[in-house]
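Trainee: Chain by chain, the residues:
Number of protein chains: 2
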Amino acid sequence: MKTEKAAKEVVKEIKGKIEDTKGLTVKKNEDFSEWYTQVVQKAELADLRYNVKGFLVFQPWSVMVMEKMYSYLEKTLQQKRHKPYFFPTLIPESNLKRESTHIIGFTPEVFWVTEGGDKKFEERLALRPTSETAFYQMFSLWIRSYKDLPFKTYQRANVFRYETKATRPFLRSREFHWIETHCVHATEKDAEKQVLEDMQTTKEVLHDVFGLPFIFFERPAWDKFPGADRTFAADVLNPDGRVVQQPSTHLLSQAFSKGFGVKYTGADGKENYGWITCYGPAVSRIFASVVIVHGDDKGLRLPWNLAPIQVVIVPIVDDPKVMEKADNLYHKLSSFSNVEIDMTNKSAGEKFNHWEMKGVPVRIDLGLKDIKEKSVTIFRRDTGEKKVIREENVLGYIKKLAEESGKILMRQADKVFDDLIINATDLKKAKQVIESGGIVRCGFCSIEKDGASCSDKVEESTGAKVRGRKFDEIGKTKTSGVCIVCGKPAKETVYIAREY
Amino acid sequence: MKTEKAAKEVVKEIKGKIEDTKGLTVKKNEDFSEWYTQVVQKAELADLRYNVKGFLVFQPWSVMVMEKMYSYLEKTLQQKRHKPYFFPTLIPESNLKRESTHIIGFTPEVFWVTEGGDKKFEERLALRPTSETAFYQMFSLWIRSYKDLPFKTYQRANVFRYETKATRPFLRSREFHWIETHCVHATEKDAEKQVLEDMQTTKEVLHDVFGLPFIFFERPAWDKFPGADRTFAADVLNPDGRVVQQPSTHLLSQAFSKGFGVKYTGADGKENYGWITCYGPAVSRIFASVVIVHGDDKGLRLPWNLAPIQVVIVPIVDDPKVMEKADNLYHKLSSFSNVEIDMTNKSAGEKFNHWEMKGVPVRIDLGLKDIKEKSVTIFRRDTGEKKVIREENVLGYIKKLAEESGKILMRQADKVFDDLIINATDLKKAKQVIESGGIVRCGFCSIEKDGASCSDKVEESTGAKVRGRKFDEIGKTKTSGVCIVCGKPAKETVYIAREY
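Sequences listed follow chains D and Z, in order.
Under the working numbering, the first residue of the first sequence carries the number 1, and numbering increases by one thereafter.
Under the working numbering, the first residue of the second sequence carries the number 501, and numbering increases by one thereafter.
No wet-lab data here; the hints were simulated from the structure.
Worth double-checking, as some hints may not be accurate.
[What the hints assert, rightly or not] List of simulated lysine-lysine pairs, DSS-like, C-alpha gap at most 25 Å:
{"#": "1", "chain 1": "D", "residue 1": "119", "chain 2": "Z", "residue 2": "620"}
{"#": "2", "chain 1": "D", "residue 1": "120", "chain 2": "Z", "residue 2": "553"}
{"#": "3", "chain 1": "D", "residue 1": "83", "chain 2": "Z", "residue 2": "846"}
[Said to hold, decoys possible] Cβ-to-Cβ under 7 Å is the rule here; a few derived chain Z residues that face chain D:
{"#": "4", "residue": "551"}
{"#": "5", "residue": "612"}
{"#": "6", "residue": "1000"}
Note that CB positions come from ideal geometry on N, CA and C, so glycine has one too.
Starting from the given sequences, assemble the full structure and let the hints guide the process.
Mentor: Given below as structure tokens:
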């Protein structure tokens, strides 16, 4: 016979299991790392059990969101006159060697193909870690005259990096899905304009559509893209105060055009090397930021424009009149949104939890009371509000919600970011800010090579890294004070944050 | 001083060069192989100068058409309840070995990744030649009960085959772009229904939208997909009488589910192995068929629904009134089509050739006469007709053309196919049919293993291959007569054709 205590244990254990299959067992703000792990699994975003380390299986919900992301990004790039290409996944080792900094930067991370069938290749072929060295040899064949410029390209591709750091699903995997743009310009000034355009594209898509707040930093000399003259990268803030590097745009200037012979004849008949820029929004990584920035203790919260299902109708009783009304609503709403009726055998509570975990923006609950009163109950995932709406107003209400929902998530995210930047004038204070989950703003001696040793000391003292100078402060905000490390006059105002 | 003869040679040479940059120098029906090579280059579909053998750079025009193809295929698959996944590109060698026929079939064609950074791997990783062995190990984790079935998936992916045959752009490359579907069913009957559904999908998309005529054959035993129980493949006909294998759907039955432990518990509580099917439309290869089937001596002819630009407006004089009218038309037509105004500095003739080469369905020529007479001149690429239309009727005319244009190309293609199938009762006649560019229909002893030696003799005598039995004749058309090779009573009616 079981004792009362033992029985209680059993009940507790069963409850734990039910909890486990139903929702998240930790709060985002209390244990972010565990929260993320659970969301990836419970919202069925990726399966990590694939038997090659650091590779993951992207499940339907994440693929469908990422396809929408691709669509927004590609549309925007095409409007800005980038043309799409598909380049080979394999790049000969000799290509990678044609720009010396590039090969040094990427060699430790390259997967090598060395055999085909039973034949050993004479030269190793890289699985592209990025495609500069594939594109630019073709550019040298395609570009002849200044009339061909600007030459603006992009490709949607999967790329491979043999990461030595710990991998995290979507954030850092050994294969990821991205877009890379590569452009050739006639002058340095045109190349600089392209960098601005890339930042603008990031704003138009990542911020205005996906609702992600970010800051563009110019990276210090020791943290540039291998082969780049200047690197500008968007840092998105995680709720635990860490930043995630999102799209970066690089002024490659002429190093690669010299390595690959990308030349053009000017209007004056003289031959010049092209000025090259590239830009890389990593869609699978941006997806991670959408999950992280908007998600809450119940799961994902997807912006309307990214949600694979935008409205879910949940009949809470099995009744023909309720089903008829569900069908009616389905047809009306289908004209401007992706709708689904949840006809599974689960309980209403389970259905609610399921769709909240998935982040579907709108849920319509239908019961007998709704039939009688010609109303529907609408739950919105962005604010968590539940409202009873008269039947004839449903369409208008949801249309309005579709428009404002993305903006509400965006404003919530923006606000979090603003509150977390704090000035510091010494490393002790900086450490406190970092440990409380903030971003430090401070004076710094130099972001050129000679600042590297101060940067190392920042990392030692705070566990965080110098992200660089804020792009929109360059040449605009006067830098005063001294370097937070060495005390010499500060040439720059920089930001310090922990990174993922 | 040049002689008259030498001067003539120079003129001829220059003319040759002009010709070369302007249009195709061979007729499709006279030298198909050279025609195809020229179209790929002159319509700027792919650049073959990339420095890894058998790999090509897909240029914007082909990428944009292929993106539309992906969109039609994915939409249709999703409507039929396939869910999208992204699986890793790399598959461990041990996975490939878990179904014995499969590894034997694919081993000669696999690219192997053996190193990452400076580390040599203990186990080789295949660049996926196809993904059965990646999907099915995950299916064994995901599928538990009959309630999970049918389990219908797909992925958009690039795949790799170290082809030993000569490569041809889009038709046979070492990296190509495709969709692969993988489904698990509870019973053999359900799996058979899926094969029918895959054929229906092929019809709805490849025939009804892309305008490609094909015949579904059940492949003989010696020509099945490695690991499949039965293989059904769509053969599209090239104008030179050769067939191109397009999507194939495979009844894998239980060989893979046994190899990977894909099991489910039935309603009766008993454990069963799943019945697996897979289907693979190779988008880059289908693109080749669209080029080949619809193209003519002036270049591509794209169906309206696949054309990246559907209407091009060519101002044939530089006049503000003409430009104003061009702008007007642009805005009106943009509401239902992709329009472009050709503002380049080329001559009208060069512009005409350019857009005909690209296969744009509709061209509007605008001159001063058109302003005066309130009319426009419309050239349609499908029929080659030129018509003067009154301004107020332009929209209606083009809308109608958009609807019927695809169908016109489709009917033209269908007709070519029908005319080319010819019955034969002996190998001499079969050879004649094949050499005149036809497809042979004849009696055959068996498409099981015991028919292989007769099949070899067919190939020796005619240079063509037994494609199999026509799917819609199976069990419907009575087979009579004798095998065209051995003279034994014919169990099957088969088709013989040369293949690409």
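Trainee: Report the numbers of all earlier hints that the structure fails to satisfy, in ascending order.
Mentor: Going through the list in order, the structure violates hint 6 alone and respects the others.
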